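Chemist: Below, each chain spelled out in residue letters.
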Amino acid sequence: MKSVLRTRRSLIDLDDIAEDELHEVFARATAFDRSRPEKRLSGVACVNLFFEPSTRTFTSFNLAEIRLGAELVNLTPKDLSYINKGETIEDTVVTLAAMGVSVLVIRHPEEGFPRSVAAHFDGHVVNAGDGTNAHPTQALLDLYTMLREFETLQGRTVAIVGDVLHSRVAHSLIAGLQRLSAGTVLVGPPAFVPEEYATEGVRVSRDLDAVLPSVDVVVLLRIQRERFAAMPLADEEYVARYRLNAERLALLPSQAVVMHPGPYNRGVELDESVLRFAGWRYAQQVVYGVSVRMAVLDFLVNGT
Amino acid sequence: MKSVLRTRRSLIDLDDIAEDELHEVFARATAFDRSRPEKRLSGVACVNLFFEPSTRTFTSFNLAEIRLGAELVNLTPKDLSYINKGETIEDTVVTLAAMGVSVLVIRHPEEGFPRSVAAHFDGHVVNAGDGTNAHPTQALLDLYTMLREFETLQGRTVAIVGDVLHSRVAHSLIAGLQRLSAGTVLVGPPAFVPEEYATEGVRVSRDLDAVLPSVDVVVLLRIQRERFAAMPLADEEYVARYRLNAERLALLPSQAVVMHPGPYNRGVELDESVLRFAGWRYAQQVVYGVSVRMAVLDFLVNGT
Amino acid sequence: MKSVLRTRRSLIDLDDIAEDELHEVFARATAFDRSRPEKRLSGVACVNLFFEPSTRTFTSFNLAEIRLGAELVNLTPKDLSYINKGETIEDTVVTLAAMGVSVLVIRHPEEGFPRSVAAHFDGHVVNAGDGTNAHPTQALLDLYTMLREFETLQGRTVAIVGDVLHSRVAHSLIAGLQRLSAGTVLVGPPAFVPEEYATEGVRVSRDLDAVLPSVDVVVLLRIQRERFAAMPLADEEYVARYRLNAERLALLPSQAVVMHPGPYNRGVELDESVLRFAGWRYAQQVVYGVSVRMAVLDFLVNGT
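Chains as they are written, first to last, in my numbering: chain A, 541 to 844; chain B, 541 to 844; chain C, 541 to 844.
Looking at chain A on its own, in the form it has when it is part of the complex:
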């Protein structure tokens, strides 16, 4: 069995999918939302390889694969050296491909790990989160949720608030918002939102209160305390300036919605008033998460 020219599509980050393909994926998600699909991954073996703990993403991918009728194996290594006994990861994935595994869904604490796997795997790799780098299916479901709310994102403004620096979700989402021509404003202290993030279509602001009156979507982020040593500013200062609460919700335009990739920390980036806010779309994001993941898997495996 020789190495083959890789013609199989992977989704490591938003760069791997063109704009018209994005809309194709979203159209399938809508179809899957409306009715259970026939078993479009019947006989297709998927391995979920999660090197980091996960409840929501793990469960969401499992349900997506089950509902598409895939052959499903979960590998959840107890430690990072677990899987290979001195073998390179390249050789491990060649082995999985030989077994007939077509899809690898990978979560890993190292940035770039899924990309390096995809370079050697004769199949489809879906990045389910790599370190602080990217989490494209979360970004897709966030974009999809916004598009269900507003038909287009052109002319709309999305504020991403909080620990952008350590958030793989934010990194993928910013790329997606640029692709869909939304205006983006990143809001947080310099330690979480470095000035260098400002670019074509992307502004940086330190002042949440000033930003809120002109945004259509607020995406709140969790502070990723497991990814840095010391909190770069006092918790009270962070909360005072950036927590979304009833007063700040009142600053939003009437059609605005609030989203969060989860898990959210009550009392830190949001308070209870957000959970009762009519525009809170967290549960809707989770609902769409399964159908968007189904659509991604179907798109990668079965094509257009």
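Check the hints yourself; a few may be wrong.
One copy or two, either will do: identical chains are not told apart, so a pair holds if it fits within one copy or between any two.
Said to hold, decoys possible - Straight-line alpha carbon distances no greater than 20 angstroms define the calculated EDC-like cross-link-like pairs of lysine to aspartate or glutamate that follow:
1. K579 with E564
2. K618 with E592
3. K579 with E651
4. K618 with D560
5. K618 with D556
6. K618 with E766
7. K579 with E777
8. K579 with D662
9. K579 with D556
These aren't lab readings, by the way, just hints derived from the structure by calculation.
It should be emphasised that the depicted structure is a prediction, and the values quoted were computed from it without experimental measurement.
Given chain A, work out where chains B and C should sit, using these hints.
Modeler: Frame of chain A, contents of chains B and C only:
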């Protein structure tokens, strides 16, 4: 997505099910014992969330769910903080509900954990054991096994022998025996069977030999050494007074049966003669365990 | 439920299967390779009980079971005491049998563990590797790969090179090669290939270069560093004498093939030239692994 009035049934303890419903569940278990059911949980997503190790209960629930055709995801957190990254369990279960998860089967070392989850979950929670509190599906399969032996438990006497205090199985079983009007006698030293357990229909005895000649069922319990610091009496004294052995089996009426929720410890609460005893019903309990769990899941999800 | 005379077949080592049965298993594997079988294990419950980490064998058995339509439960104990709370393993497997589990696939670090389980389990046990003792399904897929290459192994010579002493694969493979009347030569330093391995049909050699010109198959082995305290010779010496490389490949007859049970360690027992060698059959072994395991399961459960 607003919070909804909870109309979905859970099974946290025996209190959650009325007497006529008990018999309905048992009737379904009998039907499932006789022939494989159609896939009555087809398209129903079940998550098994086991925070404590388990072989028999975990496998039994898995087989029950598979045989009913459910969509099945196993989450077995490596530690108790694993699943939430600062998120409350309430928010975690809201997330699972949004994904379309309808059934949560939960084992947890803390008493009351499944009940607090059920208060927030828009779906069905089945308690698969919480600390020393309750283990209702084990109690149901024990009751079912007794009812297959004796048509009714009215007028029958059941002895529960050993570490009642730390046994969630015993706590649920006592409630079930009261519901079915059986006489119950709890047998063991004061450290394992406090006097306060005596109540309507429930006696306490320190003397196994005196009890055995008038019982129909003996339920043996394992000493739950992982749930207390020091053994409250010498092992030899416990064994001398409470181990079931050939001499004590000879004291039983001829129709009496012996049961154990498992796992059993040979040489402690029983010796080998029990395993060869014609009335030993352990394997039968395990057989019925799968069909009783199928019946519980079907009853909760599909109703009467 | 009494203990029954065990009439169910297990596969603990190559001794458990007669020569004509080997060929029957191989014929089924070929059929399964050609087309997806009907669900021949529909309604058959299989438990995979892996006490050691495993990627390839675990995934291969999972896919084999899924493709045969089995009811599948994975138990991967976090530690060796995990499953039983003082219960004997004999009692645990009696419990699994009572639940209707028909097949146990077991990997365990102790030699003899699967055999002792099979003595008590009223079902089929498949050894997926026990310590340094045996790994029969790997040996079967190795033999099958050889037979797909050469119609018969009679008159053929197979060299097994490296850490034979600690390799359960090698131990099972040697038995299989004897069964199929192949000539076998074990090549390595005395610490890895003790003189006592020489027996009917099995030679021992210290000189890989002298052996290569007259062999049909080379099976390379990984040094099982996790199974001994100190490397018995310098790494450089091992590599100098036993690593397969381009010069040594050139010594092979033109039809010869090279195999490895995996995982392989680049730079130790082989270098990159082996991975590009036309006769390198590693991926083919993995491909056949799934169909051979399907054939074994089908043969044990459904018979001839």
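Chemist: Hint by hint, say whether it matches the structure.
Modeler: Cross-check of the supplied hints:
1. K579 with E564: Within one copy only: 19 angstroms inside, 33 angstroms across.
2. K618 with E592: both (9 angstroms within a copy, 11 angstroms between copies)
3. K579 with E651: The answer is neither: 33 angstroms in one copy and 41 angstroms across copies each exceed 20 angstroms.
4. K618 with D560: neither (39 angstroms within a copy, 41 angstroms between copies)
5. K618 with D556: For K618 and D556, the Cα distance exceeds 20 angstroms both inside one copy (30 angstroms) and across copies (34 angstroms).
6. K618 with E766: both (18 angstroms within a copy, 17 angstroms between copies)
7. K579 with E777: Intra 51 angstroms, inter 55 angstroms, cutoff 20 angstroms: neither.
8. K579 with D662: neither (23 angstroms within a copy, 27 angstroms between copies)
9. K579 with D556: Answer is neither; intra-copy 25 angstroms and inter-copy 37 angstroms both fail.
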